[in-house]
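Peer 1: Sequence:
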Amino acid sequence: MLRSRIWRGFPRTPSSRVCGPCWRRWQALAPEQSPHHHERRRFLDTDGTGRAPAHPGDSAVYAYEKGKHRGEKRSIVSVYANRLRLIVSLRKEKFDYAILATSGFAPRSLRLARMIGARHVLGYADPGKAHSRPDIALPYDASALAHEVEQVFGLLKALGINGPPPPARVFPDAGERREVEQALARVAPGTPVIGVHISARKNSQQWSAENFAALIRAIAKRHAVRFLLLWAPGEPDNPMHSGDDEKARAVAESCGEFPLLSCPTEELSRLIAALSVCDCVVCADGGAMHLAAALGKPILCFFGDSSPERWRPWNAPHELLQPVSLDLKDLSVEQATAGFERLIRAHLVDPAFR
Numbered sequence: 003m004l005r006s007r008i009w010r011g012f013p014r015t016p017s018s019r020v021c022g023p024c025w026r027r028w029q030a031l032a033p034e035q036s037p038h039h040h041e042r043r044r045f046l047d048t049d050g051t052g053r054a055p056a057h058p059g060d061s062a063v064y065a066y067e068k069g070k071h072r073g074e075k076r077s078i079v080s081v082y083a084n085r086l087r088l089i090v091s092l093r094k095e096k097f098d099y100a101i102l103a104t105s106g107f108a109p110r111s112l113r114l115a116r117m118i119g120a121r122h123v124l125g126y127a128d129p130g131k132a133h134s135r136p137d138i139a140l141p142y143d144a145s146a147l148a149h150e151v152e153q154v155f156g157l158l159k160a161l162g163i164n165g166p167p168p169p170a171r172v173f174p175d176a177g178e179r180r181e182v183e184q185a186l187a188r189v190a191p192g193t194p195v196i197g198v199h200i201s202a203r204k205n206s207q208q209w210s211a212e213n214f215a216a217l218i219r220a221i222a223k224r225h226a227v228r229f230l231l232l233w234a235p236g237e238p239d240n241p242m243h244s245g246d247d248e249k250a251r252a253v254a255e256s257c258g259e260f261p262l263l264s265c266p267t268e269e270l271s272r273l274i275a276a277l278s279v280c281d282c283v284v285c286a287d288g289g290a291m292h293l294a295a296a297l298g299k300p301i302l303c304f305f306g307d308s309s310p311e312r313w314r315p316w317n318a319p320h321e322l323l324q325p326v327s328l329d330l331k332d333l334s335v336e337q338a339t340a341g342f343e344r345l346i347r348a349h350l351v352d353p354a355f356r
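Be aware that the sequence shown starts at 3, since it is given in my numbering, and climbs by one per residue.
Hint data in this document are derived by calculation from the structure and do not stem from the laboratory. Bear in mind the structure is a predicted one, so any value in this text is a computation, not a measurement. Ideal placement from N, C-alpha and C gives every residue a C-beta, glycine not left out. Each hint should be verified, as a subset may be incorrect.
What follows is a list of derived Cβ distance ranges for each label pair [claimed, not checked]:
#: 1; residue 1: Gln337; residue 2: Arg116; range: 47 to 55 Å
#: 2; residue 1: Ala146; residue 2: Arg110; range: 51 to 59 Å
#: 3; residue 1: Gly119; residue 2: Glu336; range: 52 to 60 Å
#: 4; residue 1: Ala176; residue 2: Ser334; range: 38 to 46 Å
#: 5; residue 1: Ala340; residue 2: Val90; range: 22 to 30 Å
#: 6; residue 1: Ala160; residue 2: Pro310; range: 49 to 57 Å
#: 7; residue 1: Asn205; residue 2: Ala144; range: 17 to 25 Å
#: 8; residue 1: Gly119; residue 2: Val326; range: 45 to 53 Å
Between the sequences and the hints, there should be enough to build the whole structure, so can you do that?
Peer 2: If you want it as structure tokens, here you go:
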């Protein structure tokens with residue numbers, strides 16, 4: 003029986019979302035089926051956006067902060083001092099396995115795993131660099147057309163865990179979900195909720211405020227629905243964590259005659275709660291999309307310069323749109339509206355969509 007183990011993920015990016023099936027598959031094993039059932043602990047980067055969310059079955063979650071995400075009043079010295087204290091604390095745990103839960107070779111994760119003194123490190127290897135290999139190293143084929151979930155899940159084969167990856171799952175905080183529901187009820191009760199998440203980090207994944215507003219107006223003219231406008235809060239020039247407050251204001255002002263609730267999501271838990279009340283979600287490829295998939299929501303997703311084969315919503319109904327140019331500036335409102343209609347015809351049965 004293993005004493006404990008540690009995983010590494012990133013809570014505000016797709017990487018953490020696609021690790022979920024690994025957690026679920028491991029948790030599903032009964033103690034008599036596997037010696038790897040005792041404890042599971044995660045080590046991850048908070049990305050400067052709040053506390054890290056727990057998965058069911060976590061024994062503990064450890065989080066560290068990057069220097070570039072520190073607050074204005076915090077020194078870089080304090081950030082690294084806190085990280086050093088965390089590493090010392092983790093070394094005392096005497097972990098049996100550190101699993102580098104990401105596709106491809108992860109040199110920084112490997113260094114951290116060695117710093118905490120894990121007895122074994124499991125991860126993908128960098129071909130031709132024997133000195134930088136985990137001691138349990140799997141070959142990684144960068145040309146393989148496999149989903150990120152499948153690639154991360156493939157690490158478990160080294161521990162005798164096989165089979166297809168299960169769906170990802172996240173769970174909203176009941177109190178935060180209730181707050182969002184109450185706010186929506188004041189906008190317009192009783193109609194389906196369309197979540198519209200407007201933020202994206204990559205330039206090629208960004209769709210304009212004018213386009214989002216036009217899409218909302220087109221949907222509202224066809225269907226009796228409410229809209230939940232979601233975005234990463236902050237100013238676009240914030241060096242710590244850029245946000246879309248200006249873009250959200252522009253969308254909301256342009257759609258003032260329709261039932262729309264603006265909901266900035268400073269905390270990851272708020273984003274999960276907000277997405278959980280939606281009947282379907284419109285968003286670009288990114289962390290919010292993977293959260294919506296983990297909640298089982300039908301998704302209209304926009305892809306710029308990213309691979310649908312690798313990053314499409316995992317095991318969730320979706321309509322995926324990607325311009326030939328791989329840049330969302332070339333995705334028209336008409337194409338998005340048509341994609342939304344296909345999504346609801348295939349996956350939503352509420353009378354409001356008939």
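Peer 1: Confirm or reject each hint.
Peer 2: To see whether the hints hold, each was checked on the structure:
no.	hint	result
1	Gln337 <-> Arg116: 47 to 55 Å	48 Å, holds
2	Ala146 <-> Arg110: 51 to 59 Å	23 Å, violated
3	Gly119 <-> Glu336: 52 to 60 Å	57 Å, holds
4	Ala176 <-> Ser334: 38 to 46 Å	40 Å, holds
5	Ala340 <-> Val90: 22 to 30 Å	56 Å, violated
6	Ala160 <-> Pro310: 49 to 57 Å	28 Å, violated
7	Asn205 <-> Ala144: 17 to 25 Å	24 Å, holds
8	Gly119 <-> Val326: 45 to 53 Å	50 Å, holds
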